[in-house]
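Engineer: Here is what each chain is made of, one letter per residue.
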Amino acid sequence: MTGGGVKVWVLHLTLIAALFAAQFLLSPYHATNLARIMVLAVFAMGYNLAFGYTGLLSLGHALLLAAGMYAAGLPAQLWGWTAGPAFIAGIAGGGLVAAALGLLALRTAGVSFMIVTLMFAQAGFLTLLYFAPITGGDDGFAVAAASRTLMGFDLSTDTPRFLAALTIFAIGLCASLALVRSPFGRTMVAMRENEERSRMLGMNPFTVKLAALTISGLYAGAAGAAYAILFGYVGASFATIQYSILPMLYVLLGGAGTTLGPFLGALLMFALIEAATGITTAHQFIVGAALVVLVLFAPKGILGTIRERWARWLS
Amino acid sequence: MAFGPFLLLALMEGLVTAAVLALAAAGLSLVFGVMRVVNVAHGEFYMLGAVLAWAVTTMIPGPPALAFLAAVLIAPLLVAALAAAADGLILKRLNYDPEATIVATIGLLYILQQAALSLYGPNAYPVTAPFEWRIQLPWFGYSGYKLFVVLAAELVLLGLWLFMTRTRAGLIMRATQVDRSTAQAFGVNVDRVYMGTFALGAGLAALAGVLIVPIQQAQYLMGHDPLLLSFIVVIIGGLGSLRGTLIAALVIGLSDGVISMFFTPTLAKILATLLVAMVLVFRPQGLFGARA
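Chains as they are written, first to last, in our numbering: chain B, 213 to 527; chain S, 376 to 667.
Note that these hints are calculated values from the structure, not bench results.
Ideal Cβ placement from N, Cα and C applies to all residues, glycine included.
Some hints here could point you the wrong way.
Said to hold, decoys possible - Heads up, simulated DMTMM-like pairs for lysine to aspartate or glutamate below, C-alpha to C-alpha not over 20 Å straight-line:
no. : chain 1 : residue 1 : chain 2 : residue 2
1   : B       : K512      : S       : D472
2   : B       : K219      : B       : E486
3   : B       : K512      : S       : E474
What the hints assert, rightly or not - Short derived list, chain B residues pointing at chain S, Cβ under 8 Å:
no. : residue
4   : Q334
5   : L338
6   : V401
7   : M403
8   : M415
9   : F497
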C-alpha cells in the first residue's frame, strides 16, 4: 500500500475522466443506470472503509443509507427544502446515526457486532414502517420536483443528474483514496490486522473504529440523500436487510480493502443482473450464488487478487 | 369476551408459538453451540419444511392423518440431507470461519428462497390438519391440533435432551463443543460431528415448519420471522444451553402472544429487536457463553 502514489492517482483520475466521457457514448437508459451505479458505489465505498479497511463486518448499513435518504427526503417533503440543504442534511443524518450505532455496537466485536448491527437496522426498518403516515412505509413517497433543483439545474433530467452523481462519486473516491493513504488510514488497517498490537502501540481502538464507522456513515448518508434527490424516491424498502447485503456483495466482488473495488463490484453486479434478466428472473439466486462463490473461491475479490499477484502498488 | 378468558386465549396462542419457536431455536442453538456457526439460513430450513410438507401431503393420497405423518417423517429428513450437503460443500471448505460462514449462509438464504419462489410460487397454500378436533372450553372452542403441536414439540425436545445427555453420540457432540482439537486427538471424527449437527439443527427447524403449516399456510417468505425470533431466543437464553433456550422460548412465545393482543405487532417487534441488541451490547458474556 506504500509507494506508487502518482500511478494510483493517475489511475483514479483516469476512471473519473472515463466516466465523464461515458455519458456522451451511452444511451440515456444506460447513462441513468450508470448514475445509479455511481450512487450505489458511494454507499459501497463507505462500507468498504468500515469492512475492507477497518475490519468491521456490519450487517446494518441499510440503516445508514436510509438515515441519509430520510434526512434528505423528509425535510424536502415536509418543509420544501431544496436539493443543496437536503443533501447536506442527508450526509449529517448518515454520520450521526452511524456514530450513535457505533457507540453501542462497537462495545462488541466479530459475530456479536454483526448481529447487533443487524438487529439495530431491523429495528430502524420496523420504526419506518411504524411511522408510515410520515415515512410512507413500504410504499414510500416521491420527492417533489421543486426539491430536486440545485442552483437552477433540474436534477431530475438526464445530464444534470449524471453530472451530480459523477461529482459525488468523484469526491467520494478521491476522499477515500486520500484517507486510506493517510496516517489515519494506516491506523484503520492496524485495527483490522491486529487490534491487540495496535492497543499496545498506544492507539485507542474504540475511537479509531468509531471514527471509521462514522466516516462510513457519512458516505452511506451521502448515497442515500443522492438517491432520494436524483431518483426522486424515498421508501422503507431501502432500510431492509437486502440493502445491508448489497454493499457487502459489491465490496467482496470488487475487492475488500481496495479503493476501486466498490465501484467495480457495483458495476459488475449490475451488469450481471442486467445480462441475466433475459434468461431468468431469479435475481436472488444470482446474488446468493455470487456470495457463496466469492466467499469460497475468491475471498479477496477481483482487485484484491490483482493486487496480490501483479500490482502491489494498487491502494 | 371477558378479560380472563381473553388472556387465557392469548396465553394458549403464545404457548403454541413458544413450542414451535423452541424447536427452531434449539436447532439454531445446537449449531452455534457445537460448531460456532451462526446460520442465517436457518429460517429457510423452517420454510422448506413447511413447503415440503405441502408437497408431500398433496402427492400422497389417502386420509389427511396418513399424509401428514408422511410429511412429518419425509420433510425434515430431506431438509437435513440438504443441510448436510451444504455443510460438506460450503461450510467445511470455509474451515467454519465465523464471519465467512455468515456471508455464505446469507448466500444460502437467497438461493433457497429463490428456489422456493421459482419452484413453489409466490402464493401461500394450506395443508389440512391430520385431525379435526375441537376442545370446547366454557368461553371458547380451541383447536385440538394446536395442543397436539405443543405436546409433539415437548416430546421432540425431551428426546433431543435425552439424546444429548444419555447417548454416546450426544456425548461426542458435547465433547466437540467443549474442545474441538482435544476431541479430535481422542479420535472423534469432527467433520462427521459437524455435518451431523448441522443436519440435526436444520431438521429441527424443518420439523417446526411441518408442525406449523396446518395452522399457518406455507409460503416462501415465511422463514423471516422465525429466524429473527430464534435469534432472539438463542441470545436471551444463552448459547449452548438447551435449558436456557427452552426457557427463553417460553418467555418470548408467551409474551409475544400477550403483547400482540395489546400492542401492534410492529411495535412489539421493534421493542424485541432493540432489547436483544441491548442485551448483546451490555451483557455479551452471559449470552454468548464464555467466548474467549
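Engineer: Hints numbered earlier in the text: which of these fail when held up against the supplied structure?
Structural biologist: 2, 6, 7 and 8
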